[in-house]
Every structure is written in structure tokens, then in C-alpha cells.
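These protein sequence lines are chains A and B, in that order.
Residue 376 in UniProt numbering sits at position 376 of the first sequence; the count goes up by one each step and never skips.
Residue 80 in UniProt numbering sits at position 80 of the second sequence; the count goes up by one each step and never skips.
Do not take every clue at face value.
Derived DSS-like pairs (lysine-lysine); straight-line CA-CA distance at most 25 Å [unchecked claim]: (1) B:K158 - A:K291; (2) A:K323 - B:K134; (3) A:K345 - A:K323; (4) A:K158 - B:K240; (5) A:K391 - A:K77; (6) A:K158 - B:K117; (7) B:K158 - A:K155; (8) A:K158 - A:K191.
The hints are simulated quantities; they were obtained by calculation from the structure and are not laboratory data.
There are 2 protein chains.
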Amino acid sequence: MALSLEGIKVLDLTRVLAGPYSTMILADLGAQVIKIEKPETGDDSRQFGPYIEDESAYFMSINRNKKSVTLNLKKKKGKEILLGLVKEVDVVVENFRPGTMEKLGLGYDVLKEVNPKIIYAAASGFGHTGPYSKRPAYDAVVQAMGGIMSITGQKGGKATRVGSSIGDITAGLFCTIGILAALINRNSIGKGQKVDVAMLDCQVAILENAIARYIVSGIVPQPAGNRHSSIVPFEPFDTKDGEIMVAAGNDVLWVKLCKALGIEKLAYDERFLTNPLRNKNYNELRPIVAKHFMEKTTKEWQDILDDIGVPNGPINTIDKVLKNPQILAREMIVEVEHPRAGKMKMPGIPIKLSETPGTIRTAAPILGQHTQEILKEMLNMNNEEIEKFKKLNIF
Amino acid sequence: MALSLEGIKVLDLTRVLAGPYSTMILADLGAQVIKIEKPETGDDSRQFGPYIEDESAYFMSINRNKKSVTLNLKKKKGKEILLGLVKEVDVVVENFRPGTMEKLGLGYDVLKEVNPKIIYAAASGFGHTGPYSKRPAYDAVVQAMGGIMSITGQKGGKATRVGSSIGDITAGLFCTIGILAALINRNSIGKGQKVDVAMLDCQVAILENAIARYIVSGIVPQPAGNRHSSIVPFEPFDTKDGEIMVAAGNDVLWVKLCKALGIEKLAYDERFLTNPLRNKNYNELRPIVAKHFMEKTTKEWQDILDDIGVPNGPINTIDKVLKNPQILAREMIVEVEHPRAGKMKMPGIPIKLSETPGTIRTAAPILGQHTQEILKEMLNMNNEEIEKFKKLNIF
């Protein structure tokens, strides 16, 4: 079956998470992604735990479907080879600190001279412009600076980091969107362009209504615990044996919830008739609802609420996520066979396309696994040249 | 200046957040987005606070650049008009509960008969397949079920909801990627396809290394506080007057950090030489580093660490985000003039394109603001017909 991005070639200079996450999506959707790695050590994340048979499970889970070519970009011949590859591809992606590619003599200006149709995507901590541009950043830093930590956490508690690196991941997602938009646009304008995505910018872009709340009220948003900031009831409740998340997002669901709880009268109590009223009278409403949830187990409430159509769910730990029937039915946990590490489970592809679905074709590459293959295929190098450059530590 | 997605027409049946977030990105990048809303009440989120001059700031912040057409899809003529519009556009996006469009007689099968080139994107809680497919969901439910809550929170504390609706937002991002990939693919296969994105799936896709950690160790990941799960030191430290996030992501940065703290000897202490060792001996390392951070203010440490190149940042609240020089320099806070609500600040566009940058051209529409304009322009309706259908409550 055909793949959506078949025929699109991507030269992938990225490391760690934001960039590799973006090129993983491109690869899952069918692009040919050629990962350029430092000889000997490769992508930094090859050194991140946990390990399976000395292979980084971290690296493996975000580098499937890619090919690995080692190349020393500090050597003149390494740069020449890179520029040769740039001529053959559609997209270059990097997530170095701004200025690094220029220092190597491989900035966008140089690359577009070689290939004016190239789309050059850069994901960085602070972006390629602005006073902080050249500063280094990691996920935790942009989560801290971008505001998301300040609104995450238990009520009255400390600012809390989101438990996965969404600073990187959202930058990877926006970067992917930018690349695809530039590819679409290239058909009209006939040339490439630069896509500049900053992790910090992306954190601002996902703040949702926090900015609006602050501007309208003048009150600085704080960690609000597990409550929705403006909808009631929309939070977890303790049950007889655990917790259940309940999201009665509108007046109809509020009435249904009251019926399910056996407190139908409450639905028509004038203190709680509309969402603005439920917000206003939250401190009266919560204990009543909470008391009733203590009467049954999470599973019992799930069945009752599912039946009546009130959105709800258990708070799953990772072991439960891996067994969830819906997640399994959607192929969101896939098992990929790695030549060294064996079978490994990882997240599947969340973009389900009816005609050209994404596929997982290969495990993450071993460092330099495809150096010879790619140099022969794309640059017509012969064995002799490859051997010579190998001895010169070019790859 | 041209826009990347100029010429792409999107019929937007979405409400609340996941869908509108996706079509906002398409609109920011230049697509013509025609938002179809229920007559009289419109998008549910028009009822979500906070309000400015009776206009929902929530709605305004994610519906800029769109046009609003009211249409009653329960009436036969309303459906006819919708199908007429489907013929004229490239993409249809909806985020109803699966089955809703079919019940209206407007499922993908019907729409693709009318326009085989249509790309039909559906963002839903659980997706269009699988045992939970028809269940309702909101952000809080998928954050709970997808695992992210179980790994977010203070160490030893409760599972914590991420403070913005990343269940919706990540689905909006993946949905946008799916739409753009399908548009690219349409040039090859000459027909459209269905893009099915589930919020729950997207939560699994952003779990980062939590799945790998669980599989390798057998230990169920818990909220880990603000520490990185595998890199040390990579967490906030208390200072003389607040906190500072520090991310020494590799051995070189570790050495630099020790120099900055005036404890250079520690860098070469054999207990802390490599990241695996720093992980292993974390309980010995943390108090030493923490003690030194108490000696200066956050601002003093920021200057010292910036100078030496160690990634760091303050934990900004929303008021500080709105004043951050980098965020402002990147135009990530924009002011949009709304005809009723006046000037309103909202996040800018995080995808910075060099040749065809996204733009914010118009504020969010008033309900039905463009009904006449679009029906005249796309379906050649005249004033008389429009008046007639208005009386019949078609819009």
C-alpha cells in the first residue's frame, strides 16, 4: 500500500527528542528519513537509559523507520558529502543550538545555494531570532519559562513539570506541520524555505485559556489541581476503591450525571442550573457529588456513567495503558523487532489514514547501519572511496 | 505576501477545542476556513468563560482567521447546503462523537460520493474504531486514561492533570499533520481520504520514555516531581529568593555547572562522572548542589549560568510569560482587535516560515457573520433565497 509521504526524502541532522520526534512522524507517514549521526557516539540519546541489550530503549522508541549514516561534519570531506546529499533531498531538519550549522559552514544560506528547493527546518529551544536565540535549552527549561508548569500541579501546591517532555514533543509536532505546509507551498512557489520552530514558542501556543483568564481577571493563574478551570463538575472523584475522572461538560451531561448518582433533584437546584452557576457555587456542589461517588467502586461507576453517556474514565497507570482494549484495538502499542534488542513495545501511529496509513517498517537503526547503502545509492560512491573515507574518519 | 496554504478551502464543523485548534493552525497558515455553526447558539465554547464584553475569550483565542456560517444540519435544506459546500472545498474537519455525522446522513461515505477529492478529518475522544469508539470524552478523561496524569505530579503525590488541555491540543496537532499529509498525497493518488485521530491515541503517543521504562524495569512509573526521569541534574533548585530550573543534560554541562557553583572538584568526583553514575548516586549529589543554589538569587544564578552556557530558566507565571522579551520578540503574544470585545491578547503562531509566514488577518467571527457572504460566493445564492431560508430557520 502506498504511503502518504512516499518519495519525500529527509536529511535528518537531529538529536535527542524534538527533532527526532518530528522526523519519526515523517518517516511513519512514508518519507525516507536519513539520519546523519556523529561517528562513534551518534545521537546523544543513544546514551539515555533505559537499555535493552545495551541498546537505548529511549533512542529506539523515536527513531524507527529511519536510516543511519555516520558523517563527521567537522571535516571538509564530511561537509562536501553532506552538501551532496542536500542536493538529493527535499527536507533538511536539525535541532542544534542556533548558529551551530552556520559555524559548520552548513547554514540555510549555504544549503539553499546548493538546492533552492530545499525545505530547511530548525527546531531549537528559543528559536533563530530574538535576544535568547543562542541560549541552550532543554524541555524542563522551556516548560518552566513558558508558563505550563505554573498552571500544573495540585491546588495550593508547587508548580509541576508535565511528566513527559512536552516541550520537545509539541515543538516536534509544530515543526512537522511547518515542514508539510512548506512542502505543499513548494508546489506553488517552486522553491523551499526555512521553518523555524522554538520550543518556548510552542509552550506559549499550548497554554489554552490561561492567557485569556489572566487578561480578563488580572489574577495570575496558579496550579488548579485536577479541576477544569471553568467547567463544573469536571474533575476526579474518590470512589469506594480508587478514583474516577468525570467530565460533565455541559448542562445536559450535568442532568445525566445527577440521575446516575441518584440525586436528580440537584440537577434542577437553582444554585446549579447552568455552568456559570455551578462554578459560582462550586464549594457547595462538590461535597454533595463527592459523597455519592464514595458509594460504589470505580468500575461500577464507569459502567453506570458509560451507560448513561457521561464522559468518564479511570486514571490509568502505564501498565494499564498497555492493556487498555481501546488503545490495543487502535494499534497504539506496537511491537517492533530490533536486530540487537529483540522485540520492543512502543507507541503506534496516532494519525489513522484510510487510504495511505502510516506503517512501521523497520526498527531504529544501529549507528551507521546505512552509511554504505546511502552513499552508494544517492552519491554513487564505490567501495574503494567508501573505504578511503572510512580510514580518514569521515564516517 | 503569499501564505503556505493559500487556495486550500476547509469546511470546519468542529466545536470546543481539539477540532478548532487544528483548523486555527490551517487558517493561520492561509487556508480559507469556513466554520459551520448551529444557528442561535453556535460553537459550545462561545458559552465558555472568561468573557470580554459578552464575547467568550476562550472562543476568540482559537477561532481567529475563520469565517462563521450558521447552518441547521438537522433540516433537509441545511444538509443540502452543506453538501453543496462540500463540493467546493478540499477538507472537511469535524470533532463530533463518532456516528454523529452518519446519523445526520453526512458521514464520510456520503461526502466522498459528492466530492471524491475531499479529505475528511475527524478528531474524536476514542477514534472511529475500537470498542470505546462511540463513547463521549473530554480532555480530562483522556488525560486520565492515557497515562500522562499518572506520571505527572509531585514525587509521592497524586496523579495530576496537565494544566492546559493537552488531550485536545495534541489531537489538534496530529489531526493537522494528517490533513496536510493527505493533501500532499492527494497530488499523487488524485483522491481524498479519511483522517481519524483519537485524543486517547495522542496521549499514548506523547508518553515519551514512560512505556520503555516500564517494560525494561517492570516498575510502574509514578509522578516523579520536577526531576527528569533519567538525567541528573535536571530539575528546579531553590535559590535565595525563588526557584531556578537547571538542565545539565550531558557531561560537559555537568562540568560547567560545577564550575558555576564553585564546586569544580565535584565534577571529577568518581561518583558523579557520568550520567548513569549521577542517577545512581542522586541522593548524595542533590543536597550538595542544592546547598550552593541557596547562596544567590534566581536572577544572579540565571546570569551566571547563561554566561557559562548551562541551560536554565525561571519558572514563569503567566504574567511573566506575557512580558518575556524572547516571547515578545518572537511575536508569540499578539493583540487582535475584535469588533465587539476590542483588543485581546492571545498566543501567536509558533511556526515561523521564512517565505510564506502565517498571519493573523481577522479576529474570531461573530456567530453567522459570513453566512450571506459564503452562500453567495460559493453557492451563488441570491438575497431572496437567503431570506427565504432564514425564515425557515435553515441558518
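Checked hints:
no., hint, verdict
1, B:K158 - A:K291, "holds, 20 Å"
2, A:K323 - B:K134, "holds, 19 Å"
3, A:K345 - A:K323, "holds, 12 Å"
4, A:K158 - B:K240, "holds, 17 Å"
5, A:K391 - A:K77, "holds, 12 Å"
6, A:K158 - B:K117, "violated, 51 Å"
7, B:K158 - A:K155, "holds, 11 Å"
8, A:K158 - A:K191, "violated, 48 Å"
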